[in-house]
Amino acid sequence: MTLPLFKELTAPNGKKFNQPLGLFINNEFVKSQSGKTLTTISPTDETEITDVYAADAADVDIAVKAARAAFLNPAWCDISPAERGQLLYKLADLVQQHEEQLATIETWDMGKPYTVAKAEDLAESVNVFKYYAGWADKVEGRTIDTGPNKLAYTLHQPVGVCGQSKTHLIFTKKTYNNRFNKMAAWKLAPALACGNTVVLKSAEQTPLSALYLAQLVKEAGFPPGVVNVLTGYGKTAGAAIAGHEDVDKIAFTGSTATARHIMKAASVNLKNITLETGGKSPLIIFEDADLEQAVKWGHVGIMHNMGQVCTATSRILVHESVYSQFIEKFKKETAKVSVVGDPFSEKTFQGPQVSKQQHERILEYIEHGKAEGATLVSGGTPHGEKGFFVAPTIFADVKAHHKINQEEVFGPFVVIDKFSTQEEAISRANGTQYGLGASIFTKDITRAHRVAAKLDAGMVWINSSNDSHYAIPFGGVKQSGIGRELGQYALSAYTNAKAVHVNLGTVL
Amino acid sequence: MSLTQTIELPNGVKYEQPLGLFINNEWVNSVDGGSFEVINPTTEKVITSVQEASEKDVDIAVKAARAAFEGEWSQVTPQDRGRYLNNLADLFEKNRLLLASVEALDNGKAVSEAQGDVQAAANVFRYYGGWADKVHGKVIDTAPGKFNYTKQEPVGVCGQIIPWNFPILMWSWKIGPAIATGNVVIIKSAEQTPLSALVAATLIKEAGFPPGVINVISGLGRVAGAAISAHMDIDKVAFTGSTPVGRMIMKAAANSNLKKVTLELGGKSPNIVFDDANVDDAISWVNFGIFFNHGQVCCAGSRIYVQEGIYDKFVEAFKARITKNVVGDPFHPETFQGPQVSQLQFDRVMSYIEHGKQEGAKIECGGGRHGTSGYFIQPTIFSNVTEDMKIMQEEIFGPVASIAKFKTLDDAIRIGNNTTFGLASAVHTTSLATAIDVSNRLKAGTVWINTYNALHHQLPFGGYKESGIGRELGKAALANYTQTKTVCINLAGGKD
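Heads up: the protein sequence lines correspond to chains A and B, in order. Sequential numbering from 1 applies to the first sequence in UniProt numbering. Sequential numbering from 1 applies to the second sequence in UniProt numbering.
Here chain A stands alone, though its shape is the one from the complex (with noise of 0.2 Å):
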């Protein structure tokens, strides 16, 4: 029996919603073109949620194509900024409307924490359309004088059709599968309030919200073609988004790795591409810190989301006078706070792992930490019979060369170290491949300053950690990425600055 295109369905937590199956293209939902699907299950108890229809190579141009229409047809392209931003403000109602199903689809389908997903993650997302939507009347190109003999002008033009997604390329935009609808709007809001069309493929572990979601931007108004959105595995979809010769830009989120080949398939068109990759941010702690503040940011800094944060600040520096002080009150915190559990339960803080894939990536590297010989300080193994679930770990003693401080985990797992001077923090610090988030804990106003200035790092966080606001740039530096996302930094990823030169006097 063929699967249907939508489908009724009971979450955990009693909630009824419609779920769409299909691939969104022209704003209908659709069957792959070759019938293929795929299945999603939940991380809590492992079990099948739904099959979702997956795209291959040929819905991917299917998609594109639309895209391609939509962003040359003037029911987009020739309606007013004010016009584009009004659509995005309906659309952040109508997510705002829709709060609770879209958390709880997040809750069941990742197993992010029902409190968190709906406070936070929802919020937010709100909160960027919006921010975004303002936005889209406010792009503004320039006049520059050069003299008399010339009327020079800038028009800031959408790039075109974008793949996002999370694991490929094609101006579409691609999207971690730790906060997917955080990650669909920081995508889509500054790609469509600067004119833009798009090709959103969401991650194969975590397909169903960017569905949901997809129905909303139809009711929000915004014309078919403008927003498409598929489900699809990386390396079939994801390869074709970032192979595609009609795709003008990719914005990807996810693995270092996975953004290196879509580095070299962009180079297919030469596609402007953006990436925000992998990170192992330091957290530093200096003999002046507040230690309590420093304990309990250091503990959402890498244990929050089950520490799938790209952000996470996963290393954890501290002076030497005050680090067994710091070890010991950073386990009564994680104990205290790290209540593993079912994510729909308002106790819980921290839920299951994503996937089976990433549970046993995490078990290895707890092997390898004991192998090294770092000191286990808590945790170290998986959590209970069923489901994803690990218990938070925490290493110390861990040296600059180990395995577990060099390689990002992505799990509730902790290294952390001491140091003795100021430039020995720094020069461990930097010592990475990445350069994503840092934090600084000190009161020292001229230490804060100079030191956040010499870190590697596209974001540092003096006196918290991952703190962020859609109104402050966020990227990487080195193997973390390219260019920055929120803020008004992300628009520059999605216009193209067209200079025009007007001759009033120069003749030949």
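Hints listed in this document are in silico derivations from the structure and should not be mistaken for laboratory results. The beta carbon of each residue, even a glycine, is placed where N, CA and C say it ideally should be. You may find that some hints are simply not true.
Here are a few chain A residues that face chain B, going by a calculated C-beta distance under 10 Å [unchecked claim]:
| no. | residue |
| --- | --- |
| 1 | LEU72 |
| 2 | PRO81 |
| 3 | ALA82 |
| 4 | GLN86 |
| 5 | ASN127 |
| 6 | TYR131 |
| 7 | ALA136 |
| 8 | ASP137 |
| 9 | GLU140 |
| 10 | GLY141 |
| 11 | PRO148 |
| 12 | LEU151 |
| 13 | ALA452 |
| 14 | TYR470 |
| 15 | LYS498 |
| 16 | VAL502 |
Here are the computed distance ranges between Cβ atoms for each label pair [what the hints assert, rightly or not]:
| no. | chain 1 | residue 1 | chain 2 | residue 2 | range |
| --- | --- | --- | --- | --- | --- |
| 17 | B | ALA476 | A | ILE472 | 23 to 31 Å |
| 18 | B | ILE449 | A | ALA497 | 22 to 30 Å |
| 19 | B | SER242 | A | VAL507 | 41 to 49 Å |
| 20 | A | TYR489 | B | GLY493 | 51 to 59 Å |
| 21 | B | THR43 | A | ASN503 | 52 to 60 Å |
| 22 | B | ALA476 | A | THR37 | 50 to 58 Å |
| 23 | B | SER242 | A | ALA453 | 51 to 59 Å |
The hints should help you fit chain B onto chain A, whose structure is shown.
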């Protein structure tokens, strides 16, 4: 005195008209109990009386605003400021017919035009709501060992004095950028048109604004307006109105506490038509340029200069065009031109028409009163107007067009700039070079090319010369309501 009155409008809209002063999110009577009458310019009859703010009431409003600025409002995030402005936009759209009908009753403009004004006001709120969380300072790298940044901070308590020609639209132009950037306001409507501002004030609390952030008062320019300009605890005054009053406000600001001043004043804007223009299009814009809003527009294209090659053809076509401008009751759907706003304005315009006749300009059409009741004036065209004539130099602010011919582009520029004003201007041509050359050389805050009165919330608007100080609308308006604080942090130790 009761703080509201039930009013039923000619189009059936029935509503509660607030009559009091809106201070601290509450309706109050004036301290001394003063009030003034509001006249309907279509019927010349009294609509109602509203509370009149005296110096004492201005003082109360300032105290409320200051308390809000130093207190609750200072803790509200930029995002929330934007959210409240967006709510206000939604409420304006929801109440569009009501606000437009009140505007038509009080100001005399057609309801259809007023609906456009209310929608434009909603768009302004939404636009500035979107700016609230996007006002950035800078980080400036001067040398190693230093960390420098600037912040754009609100100015503080802002007094805003608005005119009677676009009451509700001007209300939005002032409130939008001031609130978005974190200021608090006391806004005084024009004594001729207080009603729509008071109806709009009923939406402020619902939109979510804390008490004291937006205070709305009715009052006389020479009393409440003067009190605002001279107040020692108002940080900034923004005024839209006539140039003579603008001068008084600037003086009062200087004599009191050197409060910041921005002014949108008068204009006598040139509307220039070249031989190579598309004449039909130009006529439509020239007509709109002077007769829109009954000529009561600061940037009205009231001086029309037509190149001699098409002059005769143009004048005939223009005369024919204005016969299509329907003059009548603002509540009638066909009406384009309603009455002038008041007896005083009616008398002024009629007196300029007399001057024109006496100075020897030729009346092509109009030149008299329209009908027998209400402040209606016939759309009037004077031709063969010379530069020195009063009707060519002074702002009439009525449906009176003055036309003259010109020879060359250089003549057009010289004549166009021959004025103490510099608000707007327009050029009609199909030539790329002419358009750029003329727009470069005209001394005006806006140059329209092949259009007129094309204002938009995204585009900065304001005057050169005696037409004003500062720009409204667009991102530029934010500068009127922010001040730069430079913070310079030394990371490098002692002086030696």
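Here is how each hint holds up against the structure:
1. LEU72: violated (25 Å)
2. PRO81: Check passed: Cβ of A:PRO81 comes within 8 Å of chain B, closer than 10 Å.
3. ALA82: Holds: closest Cβ of chain B sits about 7 Å from A:ALA82, inside 10 Å.
4. GLN86: The hint holds - A:GLN86 has a Cβ within 10 Å of chain B, the shortest such distance being about 8 Å.
5. ASN127: Where the cut-off is 10 Å and the nearest Cβ of chain B is about 7 Å from A:ASN127, the hint holds.
6. TYR131: holds (7 Å)
7. ALA136: OK, holds: A:ALA136 within 10 Å of chain B, min 8 Å.
8. ASP137: For A:ASP137, the interface hint holds, since the closest Cβ of chain B sits about 6 Å away, which is under 10 Å.
9. GLU140: Because about 7 Å separates A:GLU140 from the closest Cβ in chain B, which is inside the 10 Å limit, the hint holds.
10. GLY141: Nearest chain B Cβ about 12 Å off; hint violated.
11. PRO148: Holds. Min distance 8 Å.
12. LEU151: holds (5 Å)
13. ALA452: Where the cut-off is 10 Å and the nearest Cβ of chain B is about 9 Å from A:ALA452, the hint holds.
14. TYR470: holds (8 Å)
15. LYS498: violated (18 Å)
16. VAL502: holds (7 Å)
17. B:ALA476 with A:ILE472: 23 to 31 Å: holds (25 Å)
18. B:ILE449 with A:ALA497: 22 to 30 Å: With a Cβ separation near 24 Å, B:ILE449 and A:ALA497 satisfy 22 to 30 Å, so the hint holds.
19. B:SER242 with A:VAL507: 41 to 49 Å: At 47 Å between Cβs, range holds.
20. A:TYR489 with B:GLY493: 51 to 59 Å: Roughly 33 Å apart at Cβ, these two residues miss the hinted range, so it is violated.
21. B:THR43 with A:ASN503: 52 to 60 Å: Since B:THR43 and A:ASN503 have Cβ atoms about 59 Å apart, the given range 52 to 60 Å holds.
22. B:ALA476 with A:THR37: 50 to 58 Å: Check passed, 55 Å falls within 50 to 58 Å.
23. B:SER242 with A:ALA453: 51 to 59 Å: holds (54 Å)
Checked against the numbered hints above, the structure violates hints 1, 10, 15 and 20; every other hint is satisfied.
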